[in-house]
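Student: So the sequences go chain by chain: G and U. The opening position of the first sequence corresponds to residue 1 in my numbering, with each subsequent residue numbered one higher. The opening position of the second sequence corresponds to residue 1001 in my numbering, with each subsequent residue numbered one higher.
The hints are simulated quantities; they were obtained by calculation from the structure and are not laboratory data. In this text the structure is predicted, and so the values were computed from the model without any measurement. C-beta: ideal position from N, C-alpha, C; glycine also. One or more hints might be untrue.
As the list claims (entries may be wrong) - DSS-like mimics (lysine-lysine), calculated; alpha carbons at most 25 Å apart, straight line:
no., chain 1, residue 1, chain 2, residue 2
1, G, Lys80, G, Lys3
2, G, Lys85, U, Lys1111
3, G, Lys80, U, Lys1038
What the hints assert, rightly or not - Pairwise CB distance ranges (calculated):
no., chain 1, residue 1, chain 2, residue 2, range
4, U, Asn1049, G, Ile68, 54 to 62 Å
5, U, Ile1107, G, Glu228, 34 to 42 Å
6, U, Glu1071, G, Lys80, 41 to 49 Å
7, U, Gln1015, G, Lys80, 39 to 47 Å
8, U, Asp1151, G, Glu82, 29 to 37 Å
9, U, Thr1073, G, His175, 24 to 32 Å
10, G, Ser116, U, Pro1123, 15 to 23 Å
11, U, Pro1115, G, Thr246, 49 to 57 Å
12, U, His1022, G, Ser49, 17 to 25 Å
13, U, Arg1125, G, Ile68, 25 to 33 Å
What the hints assert, rightly or not - If the Cβ cut is set under 7 Å, some of the chain U residues that face chain G in the computed set are:
no., residue
14, Cys1117
15, Cys1143
16, Asp1151
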Amino acid sequence: MDKHSLISISDLSKDEILALLKRAQEFEKNPNQRILAGKVVASLFFEPSTRTRLSFETAVNRLGGRVIGFSDPKSSSQAKGESLKDTIMMVSNYADLIVMRHYLEGAARYANEIASVPIINAGDGSNQHPTQTMLDLYTIYQTQGTLENLTITMVGDLKYGRTVHSLLEAMHHFHPRFKFVACDELRMPEQYKQYCKEWGIDYEETRDFSPEIINQTDILYMTRVQRERFSDLMEYERVKNVYTLTASMLTGCKPNMRVLHPLPRVTEIAQDVDDTPQAYYFEQALNGLYARQALICRALDL
Amino acid sequence: MVNKEKKELAVAALQNGTVIDHIPTESLFKVVDLLGLKDLTDVSVTIGNNLDSNRMGKKGIIKVADLVFPEETLNRIAVIAPNVVVNIIRDYEVVEKLHVTLPDDLIDIVKCNNPKCITNNEPMRTHFHVIDREHTTLRCHYCERPVAQQDITLK
């Protein structure tokens, strides 16, 4: 039986992505539907992530399902040295679906090989976080009315940021143009530029976070530049300020342009941006609920 | 002809079995590990290294008497030494000459270099996909990290 797990965003075809967007749209209109009545969803957070966990658990609750699980690995049997395999085997006995977050990369893919029930990957180390990508896609679709032929500018940490990598891969179905704005230390890795070339995707790479770039953009995807990525802290202090978005930088932007950010933000978007019509990151976070509702229903064939 | 060939061999000729020839000297002992030769107790195994070779300068060679490896096992060698030549010997004659081919998937052969990969933290088999045959680039099935040829470590 096909389990409809979601481990990596590349597991989804273009048609599946489009169907999920339609489904998320239904949940946006009416988030309270008792589709999961009688179902039990396990929420296994081997690594704490309050934001993602609350979004998933709200999704299940609003669909009328029940949640079991743990939010802190210290309270799970993992702390006693149980293998991931044994934990998954045990939980498979109880739940209809497993949502899991793990600090090890590939944990969700392995769990999917063991479990008799579908798995939704809620993040595996720095590898994949496909439900984040799905909510990003939904937000782009919601704000632009389409995913086709958009100019997407990615700013900040393009080297380690898994959200930008997954979004880039997911967008390959929809003829995007990319602008990569980052300092030399945090440039988009060769592997993803190669990916763009293979798919005939137009991209431009620059160090300069300029008005010209912003004014051509439909989606400005900001990411957090993390201090721990830098060996030279002076360099961090310099870069941190160069890639900060302020309201004054948005004066010449396209009216449809929206600013997204996977959150939490620190200094990369100034507070004054929050009051502009372009700010959309809080709505984006809410879309996580609808996107996850759609993915849960897909996983359970409902 | 046969006698002349035999003379050129620095290690004893084989009556029946398998000769794996043209192994790069730096890969020889990896191939020994890969084929599990250490565990062969009933058949005679001859291992030679740094032997003169017209083609390669120096080479390694492995001879295993009275044993023919399954093709699948031999193909694993392609991960570290794609240009080896496998000779199947019957009655002192080469009856078959094989080249190894890299399989699409490598199960439990290569170790993942990512310490945060699940395969390095659970008692489980590793699994790699060959994503570029020409350069022998692999990708971990689990953590999805690419591994370049020079970084391949055997399990």
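Student: Is the hinted pair Lys85 of chain G and Lys1111 of chain U satisfied, with a Cα-Cα distance of at most 25 Å?
Tutor: Within the cut-off at roughly 19 Å; holds.
Student: So does Glu1071 of chain U sit 41 to 49 Å from Lys80 of chain G, Cβ to Cβ?
Tutor: The hint (41 to 49 Å, Cβ to Cβ) holds, given that Glu1071 of chain U and Lys80 of chain G are roughly 44 Å apart.
Student: For the pair supplied as a hint, Lys80 of chain G and Lys3 of chain G, confirm whether the alpha-carbon distance does not exceed 25 Å.
Tutor: The given pair, whose Cα atoms are some 30 Å apart, is violated under the 25 Å limit.
Student: Confirm or reject the claim that Asp1151 of chain U and Glu82 of chain G have a C-beta distance inside 29 to 37 Å.
Tutor: Holds: the Cβ-Cβ distance is about 32 Å, inside 29 to 37 Å.
Student: Take a look at whether the Cβ-Cβ distance between His1022 of chain U and Ser49 of chain G falls inside 17 to 25 Å.
Tutor: Violated, at about 52 Å.
Student: CA of Lys80 of chain G to CA of Lys1038 of chain U, is that 25 Å or under?
Tutor: 37 Å, violated
Student: Can you let me know if the beta-carbon spacing of Pro1115 of chain U and Thr246 of chain G is within 49 to 57 Å?
Tutor: The hinted range 49 to 57 Å is violated for Pro1115 of chain U and Thr246 of chain G, with Cβ atoms some 39 Å apart.
Student: Does the closest beta carbon of chain G sit nearer than 7 Å to the beta carbon of Cys1117 of chain U?
Tutor: 5 Å, holds
Student: Range first: 24 to 32 Å. Now tell me if the beta carbons of Thr1073 of chain U and His175 of chain G are that far apart.
Tutor: Violated, since Thr1073 of chain U and His175 of chain G (Cβ atoms, about 46 Å apart) do not stay within the stated range.
Student: Taking 15 to 23 Å as the stated bounds, is the beta-carbon spacing between Ser116 of chain G and Pro1123 of chain U within them?
Tutor: Since Ser116 of chain G and Pro1123 of chain U have Cβ atoms about 20 Å apart, the given range 15 to 23 Å holds.
Student: Taking 39 to 47 Å as the hint, is the beta-carbon distance of Gln1015 of chain U and Lys80 of chain G inside that range?
Tutor: 57 Å, violated
Student: Could you tell me whether the CB distance from Ile1107 of chain U to Glu228 of chain G stays inside 34 to 42 Å?
Tutor: At 36 Å between Cβs, range holds.
The structure fails to meet hints 1, 3, 7, 9, 11, 12, 16 from the earlier list, while all remaining hints are met.
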